[in-house]
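Undergrad: Okay, here's what each chain looks like letter by letter:
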Amino acid sequence: MHIPDGFVSVPVNAVTYGISAAVCGLAVARGRKKLQDRQVPILALTAAFIFAAQMLNFPVAGGTSGHFLGAMLAAILLGPLNGLLVMTVVLAIQALVFADGGLTALGSNIFNMGIVAGVLSYAIYWTLKSLLPKTRGGFLAAAAVASWFSVVLASGACAVELAISGTSPLKVALAAMVGIHALIGIGEAMITAAVLSVVLASRADLIATAKIAIKYQLAGKVG
Amino acid sequence: MDKKLLLFIIAGLAVSLTLAMVVSPWACSAPDGLEKVAEDKGFLDRAAAEPVWKASLMPDYNLPKVQNEAIGTAWAGFVGTGLVFITALVLAKVIVRGRKGSLR
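Quick mapping for you: the protein sequence lines, in order, are chains A and B.
At the far end of the first sequence sits residue 494, using the working numbering, and the numbering has no gaps.
At the far end of the second sequence sits residue 148, using the working numbering, and the numbering has no gaps.
Read the hints as simulated data drawn from the structure, not as lab findings.
Hints may be right or wrong, so weigh each one.
To be verified - Below, in silico cross-link-like pairs of lysine-lysine (BS3-like), each with a Cα-Cα straight-line distance of 27 Å or less:
no. : chain 1 : residue 1 : chain 2 : residue 2
1   : A       : Lys304    : B       : Lys48
2   : A       : Lys400    : A       : Lys305
3   : A       : Lys305    : A       : Lys405
4   : B       : Lys47     : A       : Lys304
5   : A       : Lys305    : B       : Lys137
6   : B       : Lys85     : A       : Lys442
7   : A       : Lys305    : B       : Lys48
Treat the numbers as computed from the prediction; the structure is a model and nothing was measured.
Bound conformation, chain A alone:
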């Protein structure tokens, strides 16, 4: 859902650029205090993997394709604000080098795919994780469901921007965007859960937000 130049009006882009810059600034400030040395290569690898995975469009219904977003994966692996930094690097390089998403719309794209899909949707993951059983299955289920919501909510934010810009009426844009992304979100949920289960099996200690999962893995190894 990379917005090209022209879809979103100058005032809307100005607001989303402002919000995105402010939250990215917060992420850098927090990273200065909290980012660990060993998270540095993990952050870079997560960004590279998400860029690569985003190239792989898969078919969904009716002559439409979707691709992995990765915001929830990054948020779970590194924490929501570090995840935003990952998404910002990916989106900026996509816009500057590959003309994927317009430069004028970069603020909106970071807002939708970084802040809404990552930082805000992280609350869904956090809530589910605390409600579900503290097991591998509970962790993966929380991640999968939150991933679905992250794509759907980002598409909703995109529809609101289109509507405020006068590009498409809200009712029309919201129904169409959320409708198609409810399907694309299933792919997102599957990929996020698959990647996390691989990391869980190989290096569970690298998942910043799932201490429970590590305990479970260690318990599993002993048992």
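Following the hints, position chain B against chain A.
TA: Using the frame of chain A, we list chain B on its own:
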């Protein structure tokens, strides 16, 4: 960096490069969710004919000069994955160094 972590990073990069270079030429080329909605709801023509930023090296993940699209896409995947990795690595290192500097 401990050896195990280094191995994990190398393995992860190998997987990413394989996806970006080998698998990506087979990716579905149908319009994505937003593009399709723009088509169906009649606002695709709102997109700027020319991107505002004109210095993109590989618009649409292809090399303008390379005829074979699969090779262009694979090359774009290699460059993009590498560039994203290095940019994110430098950014994270700068952030961490900022902390170390302030502690001294």
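Undergrad: Next, verify each hint and record whether it holds.
TA: Results of checking the hints against the structure:
Taken as a hint, the lysine 304 (chain A) and lysine 48 (chain B) pair is honoured in the structure, with Cα atoms around 25 Å apart against an allowance of 27 Å. Proposed proximity of lysine 400 (chain A) and lysine 305 (chain A) is supported: the alpha carbons are some 22 Å apart, at most 27 Å. For a cut-off of 27 Å, the pair hint linking lysine 305 (chain A) to lysine 405 (chain A) stands: about 25 Å separates their Cα positions. With a C-alpha separation of about 26 Å, the suggested pairing of lysine 47 (chain B) with lysine 304 (chain A) holds against the 27 Å cut-off.
The suggested pairing of lysine 305 (chain A) with lysine 137 (chain B) holds, with an alpha-carbon distance near 13 Å, which does not exceed 27 Å. Distance restraint check for lysine 85 (chain B) and lysine 442 (chain A): the Cα-Cα separation of roughly 11 Å lies within the 27 Å cut-off, and the hinted pair is therefore satisfied. Between the alpha carbons of lysine 305 (chain A) and lysine 48 (chain B) the distance comes to roughly 22 Å, so the proposed pair stays at or under 27 Å and holds.
No hint from the list above goes unmet by this structure.
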